[in-house]
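Quick mapping for you: the protein sequence lines, in order, are chains H and A. Just so you know, we're using the working numbering here: the first sequence kicks off at 1 and counts up by one. Just so you know, we're using the working numbering here: the second sequence kicks off at 1 and counts up by one.
Worth flagging that the hints you see were computed from the coordinates, not collected in a lab. Treat the numbers as computed from the prediction; the structure is a model and nothing was measured. Careful: at least some of the hints might be erroneous.
Lysine-lysine pairs mimicking DSS-like chemistry, simulated, CA-CA at most 27 Å apart [unchecked claim]:
{"no.": "1", "chain 1": "A", "residue 1": "Lys113", "chain 2": "H", "residue 2": "Lys115"}
{"no.": "2", "chain 1": "A", "residue 1": "Lys106", "chain 2": "H", "residue 2": "Lys232"}
{"no.": "3", "chain 1": "H", "residue 1": "Lys165", "chain 2": "H", "residue 2": "Lys93"}
{"no.": "4", "chain 1": "H", "residue 1": "Lys113", "chain 2": "A", "residue 2": "Lys115"}
{"no.": "5", "chain 1": "H", "residue 1": "Lys232", "chain 2": "H", "residue 2": "Lys49"}
{"no.": "6", "chain 1": "A", "residue 1": "Lys225", "chain 2": "H", "residue 2": "Lys115"}
{"no.": "7", "chain 1": "A", "residue 1": "Lys93", "chain 2": "H", "residue 2": "Lys113"}
{"no.": "8", "chain 1": "A", "residue 1": "Lys310", "chain 2": "H", "residue 2": "Lys49"}
{"no.": "9", "chain 1": "A", "residue 1": "Lys113", "chain 2": "H", "residue 2": "Lys93"}
{"no.": "10", "chain 1": "A", "residue 1": "Lys115", "chain 2": "H", "residue 2": "Lys116"}
Listed below are the residues making up each chain.
There are 2 protein chains.
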Amino acid sequence: MYERIYNFNPGPAALPLPVLERIQSEMLNFRGTGMSILEISHRSAEFDKVLNDAIERIRRLLSLDDSFHVLFLQGGASLQFAMVPMNLSEPGKPVDYINTGTWSTKAIAEARKQKKDVRVIASSEDKEFSYIPKDINFDGQASYIHITSNNTIRGTQWHTFPDTKGVPLVADMSSDIFSRRFDPGPFGLIYAGAQKNAGPAGVTVVIIRKDMLERVPDDLPTMLKYTTFAEKNSLHNTPPCFAIYVVGLVMEWLEDEIGGIDKMEEINRKKAEMLYSCIDESDFYRGTAAREDRSMMNVTFRLPTEELEKKFIQEALSKGFGGLKGHRSVGGCRASIYNAVSLEAVEKLVEFMNDFAKANRP
Amino acid sequence: MYERIYNFNPGPAALPLPVLERIQSEMLNFRGTGMSILEISHRSAEFDKVLNDAIERIRRLLSLDDSFHVLFLQGGASLQFAMVPMNLSEPGKPVDYINTGTWSTKAIAEARKQKKDVRVIASSEDKEFSYIPKDINFDGQASYIHITSNNTIRGTQWHTFPDTKGVPLVADMSSDIFSRRFDPGPFGLIYAGAQKNAGPAGVTVVIIRKDMLERVPDDLPTMLKYTTFAEKNSLHNTPPCFAIYVVGLVMEWLEDEIGGIDKMEEINRKKAEMLYSCIDESDFYRGTAAREDRSMMNVTFRLPTEELEKKFIQEALSKGFGGLKGHRSVGGCRASIYNAVSLEAVEKLVEFMNDFAKANRP
Chain H
1 MYERIYNFNP GPAALPLPVL ERIQSEMLNF RGTGMSILEI SHRSAEFDKV
51 LNDAIERIRR LLSLDDSFHV LFLQGGASLQ FAMVPMNLSE PGKPVDYINT
101 GTWSTKAIAE ARKQKKDVRV IASSEDKEFS YIPKDINFDG QASYIHITSN
151 NTIRGTQWHT FPDTKGVPLV ADMSSDIFSR RFDPGPFGLI YAGAQKNAGP
201 AGVTVVIIRK DMLERVPDDL PTMLKYTTFA EKNSLHNTPP CFAIYVVGLV
251 MEWLEDEIGG IDKMEEINRK KAEMLYSCID ESDFYRGTAA REDRSMMNVT
301 FRLPTEELEK KFIQEALSKG FGGLKGHRSV GGCRASIYNA VSLEAVEKLV
351 EFMNDFAKAN RP
Chain A
1 MYERIYNFNP GPAALPLPVL ERIQSEMLNF RGTGMSILEI SHRSAEFDKV
51 LNDAIERIRR LLSLDDSFHV LFLQGGASLQ FAMVPMNLSE PGKPVDYINT
101 GTWSTKAIAE ARKQKKDVRV IASSEDKEFS YIPKDINFDG QASYIHITSN
151 NTIRGTQWHT FPDTKGVPLV ADMSSDIFSR RFDPGPFGLI YAGAQKNAGP
201 AGVTVVIIRK DMLERVPDDL PTMLKYTTFA EKNSLHNTPP CFAIYVVGLV
251 MEWLEDEIGG IDKMEEINRK KAEMLYSCID ESDFYRGTAA REDRSMMNVT
301 FRLPTEELEK KFIQEALSKG FGGLKGHRSV GGCRASIYNA VSLEAVEKLV
351 EFMNDFAKAN RP
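If we strip away everything but chain H, and leave its shape as in the complex, we get:
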């Protein structure tokens, strides 16, 4: 039997070992029901408890007051790219987007497909999306301002959110939700595919401010309206029960074992600093993102040659470090260090990186 590896996958990604062990131990008999979590009814008291516990933990972790709904949808962030303009654009008003990479670009394309008046009010495309745009001019006219809070492929992250003159922020937080403290106040909607910091693939966490629901057009298909999910506590139809259950377990781990978001952020900050220090102190590795905009979640870097990168990724895997290949669209290397990647895993990776640099310096 193979040991578990250090998993630096970009998503689906590492989950906390205690969560996996819990899933394993309850698989045949979920909490005295005599059934697996995969077999219980979504209308049962047991599942209601699972669902509401996950919601309440998310509320506490993110300090969400009663002005927000916490919903569970399907279809990933990719479906949200379409649902956001469909539900939240106001008649006669533009929708504003800030383009910081592949995922923003896709979100923009979906809004355009719906013939919305899309304005790309800032972009870092001029420098291969290696930074986060600053000093953006907000005119207060848009239905919403859409941003991607963390850019997994380019390794950049918004460290502070812009002041949008009262226009609601809409954020794709798929890759950094639950990793750090932020003020939810300015956000009209936050969405996140769970498969990075929150759980397995197959569920999307949607946090929506209640006043945004007034914008939802009546004539949308039932399953594409945020109101459908808000009115039925995500139980209009059968939800992805197992994925919601795992999200609940991850939230429980984050709250009860880690000690909450602030503690998690402290650990995440340490992990990122260790890796970026290793890169900056070497003349072998080179970070690809602008220093002030570097992601705490996805550390992107290059080696002197593509050949060395290939060797690095292979040798790392043989020593038990998985998932270090950069996204196929940009190449290079990437270590994704989401919440469930331990400090120890990063320490070991830094050791390996130092050794590899020493042995392979040209």
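Chain H is already provided as a structure; the job is to place chain A on it using the hints.
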């Protein structure tokens, strides 16, 4: 530790015990990867194998030739209610629906919402959906004919599919796919939420005939086009990996342990006959569906009084038989006897039902 119960849930429903045990045993280290199936990349060779194995098994089990795609979507049958008319209605042609209950009614409502020219060409609403309409007049003019192959709430099922004069059939087979042999030829599209006969909640199996893809309008949102999933083998974005993995395991069980669809149908037929005999031979239980249209999957019945029904459900649960309550919209009792419900479970239920009738005859 509580034992596992006999699970007659309508969905999410019973899964084969060997499948659950397999999930449990591989949870911490999926087939030598050193990661859980919940942590591996959807772009990895390992997941590709999982995905393609599930597809190939579905092809073999249903005798699907190369004219069909097998796709995995999210959002349940409920999202298909909207996607079907969006993708498959042809300009200037009506879309025809046959109304056999709650789920058909919802499918019709979604097509109407999209302002399609919806014709309900047959309905069993006049007798509380207790039968399947016969001698339907098909005029050959429609884009497609939509049916619900099995009606979970009313306990009716199409035992033979109608000859639609060449117009493609579109079927919601959520609750009886993989339970019996049928000729896929007349079907343009088949969809099924997995959580009854195919796996856990959180994935929808979509089988689409390739020529139907030519109908898909270009300007639909990317995630709502069948072409998106067909062109990328369901990997346009992160799919619900775990749910697909479980579907694959259920297909493996069905193919390798049960021995395929014909064998499964034989067992299902035996199970249904046992239960319906118990009902018909008693003067205590009363079946609610027309005899010739009775479902092999959902056996719906009433007791002499609602009080006795309540007692029946409670006493059954205390003896280890779960999920026997009828749908909240119709009341009464229902035993869902999907593929994973064993002959033994049904035998035990019949014993219990006979005992209960004897003890409670008014």
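Would the hint linking Lys310 of chain A and Lys49 of chain H be met if the CA-CA limit is 27 Å? holds, 24 Å
Are Lys113 of chain H and Lys115 of chain A close enough, with their CA atoms no more than 27 Å apart? holds, 20 Å
Taking 27 Å as the top limit, are the C-alpha atoms of Lys225 of chain A and Lys115 of chain H close enough? Holds, because 17 Å separates the two Cα atoms, which is no more than 27 Å.
Given the hinted pair Lys113 of chain A and Lys93 of chain H, is their alpha-carbon gap at most 27 Å? Roughly 25 Å between the alpha carbons, so the hint for Lys113 of chain A and Lys93 of chain H holds.
CA of Lys93 of chain A to CA of Lys113 of chain H, is that 27 Å or under? holds, 25 Å
Under the criterion that the straight-line Cα-Cα distance not exceed 27 Å, is the pair Lys165 of chain H, Lys93 of chain H satisfied? Cα-Cα ~15 Å, so holds.
Between Lys115 of chain A and Lys116 of chain H, is the straight-line Cα distance small enough, at 27 Å or below? holds, 21 Å
Quick one, are Lys113 of chain A and Lys115 of chain H close enough, alpha carbons at most 27 Å? Distance ~20 Å between Lys113 of chain A and Lys115 of chain H Cα, so the pair holds.
When you check the alpha-carbon spacing of Lys106 of chain A and Lys232 of chain H, does it fall within 27 Å? At roughly 16 Å apart (the allowed maximum being 27 Å), Lys232 of chain H and Lys106 of chain A satisfy the hint.
Decide if the proposed pair is consistent with the structure: Lys232 of chain H and Lys49 of chain H, CA atoms, cutoff 27 Å inclusive. Status holds; Cα separation ~15 Å.
This entry satisfies every hint, going by the numbered hints stated previously.
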